[in-house]
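All chains, please: the whole structure from these sequences, using the hints.
If you read the protein sequences in the order shown, they are chains A and B. Here the numbering used here is used: position 62 in the first sequence is 127, and no number is missing along the way. Here the numbering used here is used: position 79 in the second sequence is 120, and no number is missing along the way.
Keep in mind the hints are simulated off the structure, nothing from the lab. Because the structure is a prediction, the values reported are computed rather than measured. Ideal placement from N, C-alpha and C gives every residue a C-beta, glycine not left out. Fair warning: there could be bad hints in the mix.
Said to hold, decoys possible - Across the chosen pairs, the derived CB separations fall in these ranges:
no.	chain 1	residue 1	chain 2	residue 2	range
1	B	121	A	149	55 to 63 Å
2	A	73	B	146	36 to 44 Å
3	B	166	A	85	33 to 41 Å
4	B	76	A	182	30 to 38 Å
5	B	134	A	249	49 to 57 Å
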Amino acid sequence: MIIGEQKPLKEIISNLEGHETILVAGCRSCVAICLAGGEKEVGIMAESLRLHSDINDLGWEIAETTVERQCESEWVLELAPLVEEADCVLSMACGVGAQTVQALFPDTRVIPGLNTSNMGAPEEQGMWSEKCGGCGDCVLHLTGGICPIARCAKSLLNGPCGGSQDGMCEIDPDTPCAWDEIFQSLKRLGRLDLMEEVIPPKSWIPSRNGGPRKIVKESAVLTEEEKHTKEGLD
Amino acid sequence: MTGRIVGFCCSYCGYASADLAGRQGLEYSPDVMIVKLPCSGRIDVLHILRAFRQGADAVFVAGCLEGNCNFANGNYEARKRVNEAKGILESLGIDPRRLEMFNVASNQGWRFPRIVEEMVSRVEELGPSPLGENG
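Take a look at the structure:
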């Protein structure tokens, strides 16, 4: 899932300057799970903005809504009647959601309410950790199911480095050393032989070095004719 | 009348303490409006913000003593939410001292008037809510 956290309220208020009719739009997917932009957080954000408006006599009109997934146009299009009434959308989704709203409603300004951080998982209640670097060339089969790209501070492909101390990383005594975890995992799996395997320099082309990425699954792509039929235009 | 104070009280201790104060004939400011909650853990940041938006000069949450919550940890959850709401109030320029969490036992009737007194004195010190007439 995508992990994000709310921007400071003061920053959001400052970014909303000049707008009066604001739609606070949340997302029920990843950012709801990381307690940053789901229905509950949207309610609190909307009420905070109303309070700010009342205190300063700004006359802001704040509407609130939460869609199932703000990264998919099918759900975002449901926002149309509300966006029409607003002069700006405060997106409480990840950056992908905010961009989807902006793409579908190009005449209305979209302001991000969150800082999108990483691809991770809940560690425990109220705590989320980065798990995947999205490098586009997965090596988890060689590393005991632990991603060295995201979880090693140096993204080492052949670790650990000298900064590994008692299973922890030198950057922070609370950060586990990914390569220590990889060693322990491979040991449990009886595959310590994989520690001997030297992973060659990685191609970063499938990662960000190749520019913005696009994945196409030919079998799922619709031809122009199929699109016509699907949309019931024929 | 000093101001408008909203007290969110859990039914097991906060509200019971107010009830006992009444039965003991103890006096406290009539400025407090009590909202009974099944447990202080029911409090939501949204409830607190809405109370302020509707013109409250101060808000408090009264839950059971720590370790004594009838639902194990509702009062700990309440305290966390009160702290979260304090942060939001501060960002909005509202003094966070206008909001407080108290832990009280059901047999401490004497404490409820003191809680109200504490909030009344804070409102006297801080003045009316910055919402003024807009609230």
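key: Hint numbers not upheld by this structure, sorted from lowest to highest   = Result: hint 1 breaks, nothing else.
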